[in-house]
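Student: Listed below are the residues making up each chain.
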Amino acid sequence: MAEVHIKINNQFVTAEEGDTILEAANKSGIQIPTLCYLKNVIRSGACRVCLVEVKGARALLSACTTPVSEGMEVWTNSERAIRGRKTTVELIMSNHNKNCLSCKRNTNCELQRLCAELGIRQNRFEGEHTPPTFEDASWGIVRDTSKCVLCERCIGTCQNVQGIGILGLQNRGFKTICGPIYNGSFNDVNCMQCGQCVIACPVGALTEKEEIHEVIEAINDPDKVVICQTAPAVRASLGEEFGMPIGSLVTGKMVAALKRCGFDRVYDTNFGADLTIMEEGTELLKRVTEGGTLPMFTSCSPGWVRYIEYEYPELLPHLSSAKSPHMMFGAICKTYWAEKHHVDPSKIFVVSIMPCIAKKSEARKPELHTGEYQDVDAVLTTREAGRLIKMYGMDDLDALEDEAFDQDLLGEYTGAGVIFGATGGVMEAALRTVKQKLDGKPLERVDFMECRGMAGVKEAQIDLNGTKIWIAITSSMTCAKPLLEDVRAGISKYTFIEVMGCPGGCINGGGQSIVSARKKHGRIGYTYKDRRMKALYDEDRFKQKRVSMDNSQIQQLYDEFLGEPGSEIAEKLLHTTYSPKQKFHLVGMEE
Amino acid sequence: MLTKITDGEGTMEMLDEMEELCNEIKDTALCGLGQTAPNPILSTLRYFRDEYEAHILEKRCPAHVCKNLLTYSINPTKCRACSICARNCPAEAITGKPGKEVYKIDSTKCIKCGLCLSNCRFGAVERH
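Listed in order, the protein sequences are those of chains A and B.
Using my numbering, the letters of the first sequence map in sequence onto residues 4 to 594.
Using my numbering, the letters of the second sequence map in sequence onto residues 568 to 695.
Hints were generated in silico from the structure; no laboratory data involved.
A portion of the hints provided could be inaccurate.
Here are some of the chain B residues that sit facing chain A, going by a computed Cβ distance under 7 Å [what the hints assert, rightly or not]:
{"no.": "1", "residue": "Glu591"}
{"no.": "2", "residue": "Asp594"}
{"no.": "3", "residue": "Thr595"}
{"no.": "4", "residue": "Leu597"}
To spell it out: a stretch of chain A is covered by chain B in this simulated footprint if at least three of its residues, at any positions, have a beta carbon under 8 Å from a beta carbon of chain B; those stretches are [to be verified]:
{"no.": "5", "region": "38-51"}
{"no.": "6", "region": "61-68"}
Yeah, the Cβ is synthetic: ideal placement off N, Cα and C, and Gly gets one too.
Please build the complete structure, drawing on both the sequences and the hints.
Tutor: This is the structure:
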C-alpha cells in the first residue's frame, strides 16, 4: 500500500492509500465523533456527525466516507466543523421523541452523549415528527421508530454480519422509517432474533423486550420457588453495566447480588452445559459409530436454530437433537430437583439470565416444553439483570463480597461449561469429554488451542482413538453460510460443526452489555470480544475439574434419575425436535 | 418557521435563525438536493427581505397570498347593495339589505376564501 501524507489539525499524519479521513485520524490518535459509522459493518455517511473541514472542498465532508489524498489538509474541530456538527445533531434531535428519562438506553445512549458533548442546551428546531411505529409483537425485540435516527447500523449488521437483511428503510423523505418489510413485526419475517441489531443501535429504537416485572412478581410470590440460572458469558459482561472495565470476571459478585435480589436458588447454567456435553457427545459418538446423519451441528444457539429452520430446513436432520443448556437445566429443575426437594413443579419458576435475545423466544417454543410445563419461565438478558440488581439498590457491584453458587444437586460445574460462552467453547468441551471417554483415561492435554480465537471459521483435524475427524467452528451467519452450502451439496469433509449465531459466540450476544461504537473503534474497545473471552478461559484454567464427564453431580444425576446419556427419559427431557419455518407471514397471504 | 411567519407569528430573530440553518444545511448535507434545497429561502431572504419584514412587523402580506394576514372589506362608496357577495359567502359573514343598505364583512366570521371578491361585479370588495 502506498503511503499518503496528509495534515489533520495542522499535525502531519501518514495514512495508507484507501484509508478514510476517519481511519487515518483514529490511527494517529485523533478522535472524531461518529454516530452512524460501525467499523467493518456500515459506512454510509448518512448521519453527518463526523463532518470535517477539508481545504479546497466546497462543503463540509463526512470523515467516515471521504478517502484521504496526498497533501490533504483537514480540520476536525474548526469553528465551521463544530457548528455543522452541532446543527446536524440538533436536527436529528428535532425528530426524536426525547423521552430520555424513561428510555432503556438512558445513560448509555450515543445520541444523548453527543448532545452532552456538543453542549446542546435547547430544542431549537421543534417541529413536525415522522409518524412513528411502536412494535413489540415478537418475544425478543421491541422497535420504537420515534427514537430512530436512521443511522442504518441495524440494517448493515443484519445484512453484512448475519447475511439475512430483514431490516431496511421504507418510504421516502421525511416519512422514512426503518424496520422489517411493510413496517411489520419481527415475527412476520425470517428474523433469527440474535439481537445483533439491538447492540448495534446507538439509541433506544431497538431494544430487548423486558421481562423484569414478571420476575419480580415471581420473587414476591411466597408460593413460588424461584430458581435463577446464569449463563457462562454473563459473568464476563455484567460488570460493564456497573462501570467496570470490559472483560471483568464477576462470577462471585454476580451470585452475591442475585441472592440479595431474593432468588431462592442461584445456580449456574454451566451445569446444564455439562449435561449438554454428555448428551450431545453421546449423540455424536452414536452418529459416528452407527452411521447417522453427518456432519452434526451443535444446537446450543437458539438464534442459529431459528436460522436453520428458516433458511436451510433440509439440513435440520444434521442438527443435534439436544436442547440448549438452559432449557436442559429448566427441565431438570422441574423434574429431578422438584422430586428431590418435594416441591410441586408448577410452583417452580425458572429464570435464566442469558447473553441472548433469541433465548426469550426459545423458552416459548412449544417443542421445548416438557409435559405441561415450560422449562424456563422467564429469560433476562445481561442488561436486564444489571437493571434488576440496580433496582434492588446495588449500584456498585464491585463493592459486594464474592459468594458461591448454591451447591445442592445442580451446583457443580466444570471448566468445560464455562467456555461455552465463547466461540469454539462448545466444540472444545465436547472434544474433552469425547476424547476422555474413548481413551478411557484422563486427558493429558485439556486445552484444545485449535478451537480458540476469533476467526470466523476455524477447522482442525482431531485424532479420536485412532480415527481422525475434521471439525469446524463458526460464528455469525455470513461465516456459516459457505459451510452450510457445502453440507447441502454433500461435499463437506467435517464430522462435527459448531455454529454460534452471534459473531464471537455468546460473549458478543445480543443481550450483552452494549459497547458503544466509539469504544469499539478506539484502541481498547477494539478487542472487547477477546477481553470477555479471556475472562472465560481464565475461569476455566483455574477450575479443578475441566471435563464435563468428571462433574460428580452430573454422574449422580445419571445414576439416580436419567440412567445413561441418550436413555429414554433423557430423550424425553433433554432432547427436542425441529420444524421448518415459513419465511414470510405477510398480511393478505394467510388463508 | 416559515409557516409561523406566514401566519403572522414570526419574529425578527427567526430570520437570522433561518438564514443560519439554511447555510448549515448547504454546508452539511450529503446529497446535491440537500445542498441546494435551502437556496430558494436564501435568495428570497436576500432579495425580498422587506416582504418578510412586512409579515413580521406589520402583519401584512404585500403579495396578498398569506391567508391569515389578509382582511377583506367592502368599500361603501362602490357597493350597490346587490347582495351577490352575501349569497356567495359560505361563512355567512356578510350582512346588509338588498337594494337598500350597503353590505359589510364581519371579520371575525370571515374565512378569507375570496369568493366575495371574485363575485363582486363592481369592484367593491377590497383585500388588504
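Student: Does each hint fit the structure? Answer for all of them.
Tutor: Evaluated hints:
1. Residue-level restraint check for B/Glu591 holds (minimum Cβ-Cβ distance to chain A is 4 Å; threshold 7 Å).
2. Annotation: B/Asp594 was flagged as interfacial toward chain A, and the flag holds, the nearest CB pair being 5 Å apart, inside 7 Å.
3. Contact between B/Thr595 and chain A, as hinted, is supported at the beta carbon level, the nearest pair being about 4 Å apart and thus within 7 Å.
4. Checking B/Leu597 against chain A by beta carbon gives a least distance of about 6 Å; that is within 7 Å, so the hint holds.
5. Judged by the Cβ-Cβ criterion of 8 Å, the region 38-51 of chain A is covered by chain B as claimed, because 3 of its residues qualify and three suffice.
6. Remark: the region 61-68 of chain A is confirmed as covered by chain B, as 3 of its residues place a Cβ nearer than 8 Å to a Cβ of that chain, reaching the required three.
The structure shown violates none of the earlier numbered hints.
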